[in-house]
Amino acid sequence: MTAILEARGVTRSFGPIEVLHGVDFSLVPGEIHALIGENGAGKSTMMKILGGYLAPTTGALMLDGKQVSFADQRAAEAAGILMIHQEFNLALQLTVEENLFLGREKRRGPFLDGRAMREEARTLLARLDCHVDPRRRIQDLSVPNRQMVEIARALGRQARVLIMDEPTAVLTGRETDVLLEQIERLKAQGTAILYTSHKLDEIARIADRVTVLRDGTHITTRPAEGFTEHAMAEAMVGRELSDLFPAKAKPGADVVLEVEGLTVPGYVRDASFTLRRGEVLGFAGLVGAGRTELMEGIVGLRPAQGTVRVNGTPLKPGSVRAAREAGLVYLTEDRKDKGLLLGKALTENLTLLALDTFGGVFIDPQAEDQALDQAIEEFDIRVKDRKLLAGSLSGGNQQKLLMAKTMLAKPQIVIIDEPTRGIDIGTKQQIYEFIAALAAQGKSVIVVSSELPEVIGLSSRVCVMGRGHIAAELSGAEITEDAILRRAMGVSETTGEPA
Amino acid sequence: QEDSYTIGVAIPSATHGFMGGLNYHAQASIARLEETYPQIEFVLTTAGDAGKMVNDIEDMVATRGIDALVVLPFESEPLTSPVQAVKEQGIWVTVVDRGLAVEGIEDLYVAGDNTGFGRVAGEYFAETLGEGDNIVVLRGIPTTLDNERVEAFEAAIEGSGINVLDMQHGNWNRDDAFNVMQDFLSKYDDIDAVWAADDDMAIGVLEAIAQAGREDDMWVVGGAGMKEIIARIMEGDPQIPVNVTYPPAQIATAIELTALGLVSATPVSGRFIIGSQRITPENAEQFYFPDSPF
Amino acid sequence: MTDTTVESDATPRRGALRLQTIGPVLALIALIILGASLNSNFLGYANVTNVLARSAFIGIIAIGMTFVITGGGIDLSVGSMAAFVAGVMIMTMNALIPVLGIGVPLVAAGMAVALLTGLAAGLLNGVLIAKVGIEAFIVTLGAMGVYRSLTTWLADGGTLSLNFDARSFYRPVYYDGLLGVPWPIIVFAVVAIVGEIAMRKTAYGRHCAALGANEQVARYSAVRVDAVRMSTYVLLGGLVGLATIMYVPRLGSASGSTGTLWELEAIAAVIIGGTVLKGGFGRVWGTVIGVLILSLIDNILNLASIVSPYLNGTIQGVIVILAVVLQRQGKSAD
Amino acid sequence: MTDTTVESDATPRRGALRLQTIGPVLALIALIILGASLNSNFLGYANVTNVLARSAFIGIIAIGMTFVITGGGIDLSVGSMAAFVAGVMIMTMNALIPVLGIGVPLVAAGMAVALLTGLAAGLLNGVLIAKVGIEAFIVTLGAMGVYRSLTTWLADGGTLSLNFDARSFYRPVYYDGLLGVPWPIIVFAVVAIVGEIAMRKTAYGRHCAALGANEQVARYSAVRVDAVRMSTYVLLGGLVGLATIMYVPRLGSASGSTGTLWELEAIAAVIIGGTVLKGGFGRVWGTVIGVLILSLIDNILNLASIVSPYLNGTIQGVIVILAVVLQRQGKSAD
Ligand SMILES: Nc1ncnc2c1ncn2[C@@H]1O[C@H](COP(=O)(O)OP(=O)(O)OP(=O)(O)O)[C@@H](O)[C@H]1O
Ligand SMILES: Nc1ncnc2c1ncn2[C@@H]1O[C@H](COP(=O)(O)OP(=O)(O)OP(=O)(O)O)[C@@H](O)[C@H]1O
Ligand SMILES: O[C@@H]1[C@@H](O)[C@H](O)OC[C@H]1O
Ligand SMILES: [Mg+2]
Ligand SMILES: [Mg+2]
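Protein chains in written order, with my numbering: chain R, 1 to 499; chain D, 1 to 294; chain X, 1 to 334; chain P, 1 to 334.
Everything labelled a hint here was simulated from the structure, so no lab data went into it. You may find that some hints are simply not true.
Calculated lysine-lysine pairs in the DSBU-like style (CA-CA distance at most 30 Å, straight line) [what the hints assert, rightly or not]:
(1) K131(X) <-> K336(R)
(2) K48(R) <-> K131(X)
(3) K278(P) <-> K201(X)
(4) K48(R) <-> K187(R)
These stretches of chain D come out as covered by chain X in the derived footprint (C-beta under 8 Å, 3 or more residues) [to be verified]:
(5) 44-50
(6) 62-69
(7) 75-81
(8) 142-150
Each residue gets a CB set at the ideal place from its N, CA and C atoms; glycine is no exception.
Please construct the entire structure, taking both the sequences and the accompanying hints into account.
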């Protein structure tokens, strides 16, 4: 079959730095073509070029065999090419429906056809099994639901080419399944799909062909058939990969964090749990279970009732700073809106949380620089120019920067919400090792994750949340995917019936 | 009851010294008259622009049922037809200071003399200075009345050979006048006198001159008789030889006459122009009102 | 599950929204009750029409300002632009009397000139902001100085007045109306209704909000952001022209001080009405309420001579803040 | 790791940044050249000290405003706050003469009162904005009306003047100085340097910028956002007090019209200097340049009687816009 969209010898530079080096790539109708590579390899850049958001510096784009150059993304969209961004592309103050139809509103005469749009919005979302009211504002939605809206928006337009940049990074297994089904459906209709994800099992599940990028260079393109996850990972990172999860350390005896009867109005009800020194405690649950809200309640980012004790001392409620001073910090799942100042330099982001440790009255810029060196080293942040703004890092590298920022505060207890969202497999391993090392040093870690293997692989104990409360606490051999899922969905173990 | 009345008084708000004085006199005379004539009620409004003043007048008519209106038009033109409309409803109209654009609307007109204000000052300059002497002028806020004053001033010095080096707007404001005068002093080495067409501006000008240490080189004529300035004239300060009256108390005259016209049969209609006079060390005492804020 | 009412993404947070929405309305009602209790003529025909008619200028402008602010912009030049438009309109009409005589053609010509001048001034702002890319605050602050000084210059430091006969002919456009409703009120109402519909029921309104909420997103959603941004200023310019058409027959003149502080009043009305100053959300009907609140404060201060006139500004300031406190009740800083 | 992390000190956006940064400086230099060519006294000691000393009030205030704007706020009340502070200061000093006599204690008491009044006024703004959560624009617009009217009321519509002898004693604080440099210039310079350091070298400056850039991120980074936001208004209030301490000895008086439009001038200076109006980035030295540009425009217009003074406003407006165009050169709308 002939390629619908093709890139020939595409390079792209930002200022003097070239990040794509003559990449060839093609996409045929009715295929799912996966693009994989490490963080910063150039996947998003490539996708943006194909989607008309960025112009190639040199090289050619071919559409249906004819050379094209998209003036802007609107031109690409007119040619039937749509893209779902790695970073959200939604206006927070607008409603779901307004975002879904932005720029292509349905009209009746000169007026908007609100009813039709709401109907269609419901249909689109229902197709994704997402039951969000179309009249809600995006700013009031949880991160996964925002992602579903983002996906629904692309599904709602008749696309010949659909480019999806890590659509599942913020989704749990259940939503991922729904999404993959939809992708299969589109494929069956002849849509060409370009897909990327750091969850290689997804790639293995749906891809027809796989292209590997490493450091801006095209490494290989081959049929997915017979390309194992392990082989993919090695092709990406260019070296042997050992076991993903390190050995679990044995937690100490003393309790460092005690949460008792914590209620976050509207989200979490009466949650109690404890965390021991040197322990990695996992939090699992479905989207909307309230894990994020519970954690935000604990560190004082949300109004909450109940008590939180750190090393036996009650924490001043409502004060993130007090929590930090007690050695408790929280790493947000929403890196773009709550984690990083995208318009600011790397150092400014890195040191913001721990700024008081950088000099006395005056900030010590040398110490900051050193901290950046160390962060780049320790978290393998791939950055070609240290003076870049945080927003120009690749998504995964932003996540690493956020992780480095949090760790710089030298927490005794760290709550990490979705620690490896958008992180490549090689780095994931490093982060897991890092978490295990923290625990081994006597620090305590809470890992909130929608990736069950991650929760299972890291934690010595797992709290399962369902609909705003802690439904179960599993430890040791009890920790299995099946057990977690059943508890999360509120299915009782004995009968297998919904409670 | 039959013999109770309401008088509406609409004046510009107290944005600078002179208007402050005018506001003071309006309030003081209202307080006095309310004592004397318990049957008269007063409505006082102050406006920062012409539109607001028209609103105020509309409100007085629609909600307060005024029997007479005393107005110092913020600007002549825009107030003309609204005041005319008031008149047409049979309400007594007294206009103060800035006349209306159409003659014969008001029953009573009480005013200062802007042409006179410029002329009297100009005459002093013409008498005192001669061929080749240099002066600078600070004008007020750009308005018709400022134009009238400056034109009259220019007419009065015409032929005297006095050299007007520069004119800038000091906007009847101390700070603006201070800045402008500082710059005049940087720009011109030889200035013999300054006409600062308002005493607020004169204060700023005097300060700038003092800073430059050029008190002995030039004198300053302000205007409208601010009490601090009058006091210095009384002391014979050579830097402020004279001043020109433009009494803010004219509003009190207008309100009193209007009240009198309502309660008594005395005919008070007509025109009262309070001429601008030259204040000199000799007569200064009679223009000194220590209680007035101006 | 149990009785827990864990909120989900399925239900909009109605309660909170409602108080915020209704806040300005409550403030307005409170003012009306206060006015009525202070003076029996307050709700009379004359006072009501007076207040509404005079609100029309700021009102019409504030509706345009709602779009500008919703789109993430600001316009400080509207007051002086109104003065300038009025000046140009008056000069043109005076100049045309020998040609057109006094009558409908003259007034029509004047109106056309006012609208065009307003649109042109708005376009200039829009181009500098949307195309050249200068901060709206600076462009319109500069423009504010420019128009005010140009008007003073045109008027030679004084006042520009419409020829007396022309004015008498034109006067009914402010003072007369339809079925006892003065024209300015009718025009204001029409602009408000059209504005409300445009904001809520058309793609244009959504695009303004999207632009104000997140320009990047709007751009990626095929919204022509530069054009939309520019259009908000042009629209506002046109509405300044329209407001001037109502204003000139009222006072028949223009000077450098015409329209002083209208910009602040208009912006205040917009914000009191619930539009977000940083853009992304606009509420036209709220703006109408905001304008009425501001007008009523002045009106009520005139109803009862309760205080020293020097303190009017204090009372106004406090009421404006209170009107918004009411709106923000229970909502924390954002 | 591979050779991926090629260290390169060539920042892509350097060029653009540099022009943006240097823009206002170029504008200032152009103005200085223009002034020097128009009048030979322009660069003389007297004119230079005059202009700098006059700039000090707005300058000191504008530096505080830089922090407020960087933190995502705005303060429209500073001009009238200055009038109010001056009024309170003068009344207090006059009242204290019988107690303290004329001398250093009196002046010190006056200064303390001015500072405290400024801080209190700033605190009030800050509480309403940061704690009660009302839009800064509305709070400070309301406060603007309140302070202006309170000052008029305190002055009984007129001017509050400092007792003559007290004033003569206090006068040197404006007119004298150190080594020929008048005090206001020295104070302005000190405030500018401290401000620049605070903005760039301290956690406080970083926190202001973080708050303005993204309040959520700041909150999640353990920045006490309410406290920081409030502190910017308190700081500004304190600086208004300080500016007033320099202002009162100049003319020894205050009235309801003192400080009119200072707010707009201060905000304009901040933006001309390169601070972003929507917050997130502030440049104190830029603000100083902005203040000087604005002062020089006036000065040059006075020195060069080239045009009708009616057109001064037009020229000012155009230059302000041009100064910013220079800065935005090559950068598209944001
Ligand atoms: N606007 C920009 N300015 C400068 N450099 C940029 C910009 N955008 C991307 N880059 C750089 O280009 C390189 C490729 O980034 P890209 O986002 O394409 O990576 P990616 O493969 O999508 O990584 P991830 O898996 O982390 O999303 C990175 O080094 C990144 O820092
Ligand atoms: N910013 C927000 N504003 C209002 N409601 C929110 C917000 N974020 C999340 N919610 C609501 O809180 C509930 C739980 O949120 P969320 O989905 O983040 O839970 P979670 O257990 O942390 O799941 P995950 O981490 O997988 O996203 C959801 O029902 C969602 O509607
Ligand atoms: O406001 C004006 C005042 O300043 C001037 O001195 O006299 C006339 C007034 O109208
Ligand atoms: Mg990416
Ligand atoms: Mg979550």
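So, going through the hints one by one against the coordinates:
1. At most 30 Å may separate the alpha-carbon atoms for a hinted pair to count; K131(X) and K336(R) meet this at roughly 29 Å.
2. Between the alpha carbons of K48(R) and K131(X) the distance comes to roughly 25 Å, so the proposed pair stays at or under 30 Å and holds.
3. With a CA separation close to 29 Å, the supplied pair K278(P) and K201(X) stays within the 30 Å bound.
4. Distance restraint check for K48(R) and K187(R): the Cα-Cα separation of roughly 21 Å lies within the 30 Å cut-off, and the hinted pair is therefore satisfied.
5. Chain X is given as covering the stretch 44-50 of chain D, and this holds because 6 residues of the stretch bring a CB closer than 8 Å to a CB of that chain, at least three being needed.
6. Counting residues of the stretch 62-69 of chain D whose beta-carbon sits less than 8 Å from any beta-carbon of chain X gives 4, enough to reach three: the coverage restraint holds.
7. Closer than 8 Å: that is the beta-carbon criterion, and the stretch 75-81 of chain D has 7 residues meeting it against chain X, so the requirement of 3 holds.
8. With 5 residues having a Cβ less than 8 Å from any Cβ of chain X, the stretch 142-150 of chain D passes the three-residue criterion, so the hint holds.
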